[in-house]
Amino acid sequence: MSPPFLYALVGIGLFCLGFHALIVHAHLLRKILAINVMGSGVFLNLVALGDRGTAATPDPVTHAMVITGIVVAVSVTAFALMLLLQMAAETGHTELTGEGSEQR
Amino acid sequence: METLALLQWVLDALIGSGLLWLAWRALASPQLLRAVVWFVVFGLVMALAWVRLDAPDVALAEVAIGAGLTGALLLATLVRLPALETAQGEARQSGMRSPGTGILRYLSVALLSLVAVGLVYSVLSFPAISEGLAPEVGANLEASGVSNPVTAVLLNFRAYDTLLEVHVLLLALLGAWSLGGLPAPPATAPGPVLDTLARLLAPLLILVAAYLLWIGARAPGGAFQAGAVLGAASVLLLLAGWRPHPAFTRLPLRLVLVAGPGLFLLIALVTGLTGGSLLEFSPVRAGMLIFLLEAVATLSIGATLAALFFGERPNHGEGQ
Amino acid sequence: MHLSDYLASALLILGTLFFLAGAVGLLRFPDVYTRLHALTKTDNVGLCLIVAGLAVQAESWFVVGKLVLIWLLVLLAAASVAHLIARGAMQRGIKMWKR
Chain U
1 MSPPFLYALV
11 GIGLFCLGFH
21 ALIVHAHLLR
31 KILAINVMGS
41 GVFLNLVALG
51 DRGTAATPDP
61 VTHAMVITGI
71 VVAVSVTAFA
81 LMLLLQMAAE
91 TGHTELTGEG
101 SEQR
Chain E
105 METLALLQWV
115 LDALIGSGLL
125 WLAWRALASP
135 QLLRAVVWFV
145 VFGLVMALAW
155 VRLDAPDVAL
165 AEVAIGAGLT
175 GALLLATLVR
185 LPALETAQGE
195 ARQSGMRSPG
205 TGILRYLSVA
215 LLSLVAVGLV
225 YSVLSFPAIS
235 EGLAPEVGAN
245 LEASGVSNPV
255 TAVLLNFRAY
265 DTLLEVHVLL
275 LALLGAWSLG
285 GLPAPPATAP
295 GPVLDTLARL
305 LAPLLILVAA
315 YLLWIGARAP
325 GGAFQAGAVL
335 GAASVLLLLA
345 GWRPHPAFTR
355 LPLRLVLVAG
365 PGLFLLIALV
375 TGLTGGSLLE
385 FSPVRAGMLI
395 FLLEAVATLS
405 IGATLAALFF
415 GERPNHGEGQ
Chain G
425 MHLSDYLASA
435 LLILGTLFFL
445 AGAVGLLRFP
455 DVYTRLHALT
465 KTDNVGLCLI
475 VAGLAVQAES
485 WFVVGKLVLI
495 WLLVLLAAAS
505 VAHLIARGAM
515 QRGIKMWKR
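Chains as they are written, first to last, in the numbering used here: chain U, 1 to 104; chain E, 105 to 424; chain G, 425 to 523.
These aren't lab readings, by the way, just hints derived from the structure by calculation. Idealized CB from N, CA, C, for every residue including glycine. Worth double-checking, as some hints may not be accurate.
[Claimed, not checked] Computed list of lysine to any residue pairs in SDA-like fashion (alpha-carbon distance at most 25 Å, straight line): (1) U:31 - E:282; (2) G:490 - E:282; (3) U:31 - E:188; (4) G:490 - E:305; (5) G:522 - G:507.
[Said to hold, decoys possible] Have a look at the derived ranges for each label pair, beta carbon to beta carbon: (6) E:349 - G:433: 46 to 56 Å; (7) E:211 - U:1: 24 to 34 Å; (8) G:461 - E:372: 49 to 59 Å; (9) U:96 - E:134: 12 to 22 Å; (10) G:434 - E:106: 52 to 62 Å; (11) U:57 - E:109: 16 to 26 Å.
[Claimed, not checked] Listed below are several chain G residues computed to face chain E (Cβ distance under 10 Å; list not exhaustive): (12) 500; (13) 501; (14) 503; (15) 504; (16) 507; (17) 508.
All chains should be modelled from the sequences, with the hints used to inform the complete structure.
Structure follows, in structure tokens:
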């Protein structure tokens, strides 16, 4: 199996690992970590599949999209962490409680 | 040489399995601090994977932004969390158990296994050799004004994506600021070592950022990597106890933050209205325009990342 | 292969062995202070050897200068960070390991 496909499979594995952690964990910080891992998996997949050519340089469009993706991921992470801190400051816990309607 | 190809395959397999193992440790560690540290190491090994895939620009961005800045943000949040959690919140603080975990876990594993199998099958059925868009980019590279294909794609061929991207960064900061009222990071006096380190490294980091910006036209580098290094310099100074002068944080800071997206928008409007299509650069002026855009964007990105790290809206209690 | 290739390979492998020793120290030593000691020293020397190995094969003196600058910066950062971690551990009351 050539390196591009090897890394593409690793990217799929990371995506599924992150998705599982996102579903199963209750703590919001772990969910944020899980979303980041999912994003990294998708980026790895993109760049790996862009490296399949025979030219000297691999496909630069996938590189540009992944750089954009990394910056957007850090923006999302920063905002999500602010929301987490705000929620902890107002309610005192860091997990989404199951009680729903009585809260607000 | 056959052994060389085999060694390279072994290296790729080691990096790949290392990535999966590190991600598992990051997501499954019982203690949050360890999970965050595993995540930063995961980002660093990911940079190795980018280098193996011939993506040095992406490796630079990943190390500076993905591993460095994201790690700093996560740690800054972890430090502030215990003071905010009440005893009631702490009672359920193991963080890894939720009602119905048993069924949810098995269901999730089963469904995701199906998804994984489907994705693996579809990826493996792609053709083994595919040029992608590299030939088109190569054919149009001289007309783009730079000789680094990734910079050409980012700031010329797909400049619209970059326009939206700098706006997303600004939006995240606006959202974080609109939440307001977060407790400021605890300001402890830095020891002599951290103080000296900050004083030594900050000018050097500014120089490195300028170098990355300049070299981005010809070699791996560019506005985002340079902006991330500037942001890192600001984070270092903030950690060493430096705070910007209050006169700077009123208007000038906001001007710096808006300058990057604003210039992009201005150039987009000008090129869109004066004939031609949106963000179409003539080959004569493209090089200069790209450098101008990158320079202003670097300052904006550095300021935005530093402001995101600091968290609290500056001059918060002054009737803004 | 030239003599310089053999020399570069020898330096690179020696540097890797130092990094390996540091990793073994990280796993085997009993407390945070001894682990910091093992890691910082071996990583600095290991990186010096790897930079030397790369410098042998560099194309110009400019590249050698950049490599040496990288090594000096890592030296500065590693020493400062080791100090900060040890200071933080002391302030949290982590005791040193006694035999």
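Going through the hints against the structure:
1. Distance restraint check for residue 31 of chain U and residue 282 of chain E: the Cα-Cα separation of roughly 23 Å lies within the 25 Å cut-off, and the hinted pair is therefore satisfied.
2. Taken as a hint, the residue 490 of chain G and residue 282 of chain E pair is broken in the structure, with Cα atoms around 43 Å apart against an allowance of 25 Å.
3. A C-alpha spacing of about 19 Å is found between residue 31 of chain U and residue 188 of chain E, which places the hinted pair at or below 25 Å, so the restraint holds.
4. With a C-alpha separation of about 16 Å, the suggested pairing of residue 490 of chain G with residue 305 of chain E holds against the 25 Å cut-off.
5. Proposed proximity of residue 522 of chain G and residue 507 of chain G is supported: the alpha carbons are some 20 Å apart, at most 25 Å.
6. Distance hint check: the CB atoms of residue 349 of chain E and residue 433 of chain G are about 54 Å apart, consistent with the given range 46 to 56 Å.
7. Take residue 211 of chain E and residue 1 of chain U: their Cβ atoms lie about 31 Å apart, and the range 24 to 34 Å holds.
8. Remark: the range hint 49 to 59 Å for residue 461 of chain G to residue 372 of chain E is upheld by a beta-carbon distance near 56 Å.
9. Between residue 96 of chain U and residue 134 of chain E, the C-beta spacing of about 20 Å keeps the proposed range 12 to 22 Å intact.
10. Against the hinted window of 52 to 62 Å, the Cβ-Cβ separation of residue 434 of chain G and residue 106 of chain E comes to about 24 Å, which falls outside the hint.
11. A hinted range of 16 to 26 Å holds for the C-beta pair residue 57 of chain U and residue 109 of chain E, which are about 21 Å apart.
12. Checking residue 500 of chain G against chain E by beta carbon gives a least distance of about 7 Å; that is within 10 Å, so the hint holds.
13. Checking residue 501 of chain G against chain E by beta carbon gives a least distance of about 8 Å; that is within 10 Å, so the hint holds.
14. Hint on residue 503 of chain G holds. Least Cβ distance to chain E is approximately 8 Å, under the 10 Å limit.
15. Look at residue 504 of chain G: its Cβ gets to within about 4 Å of chain E, closer than 10 Å, so that hint holds up.
16. For residue 507 of chain G, the interface hint holds, since its Cβ comes within 10 Å of a Cβ in chain E; the closest pair sits about 5 Å apart.
17. Among the interface hints, the one on residue 508 of chain G holds; its C-beta lies about 6 Å from the nearest C-beta in chain E, closer than the 10 Å criterion.
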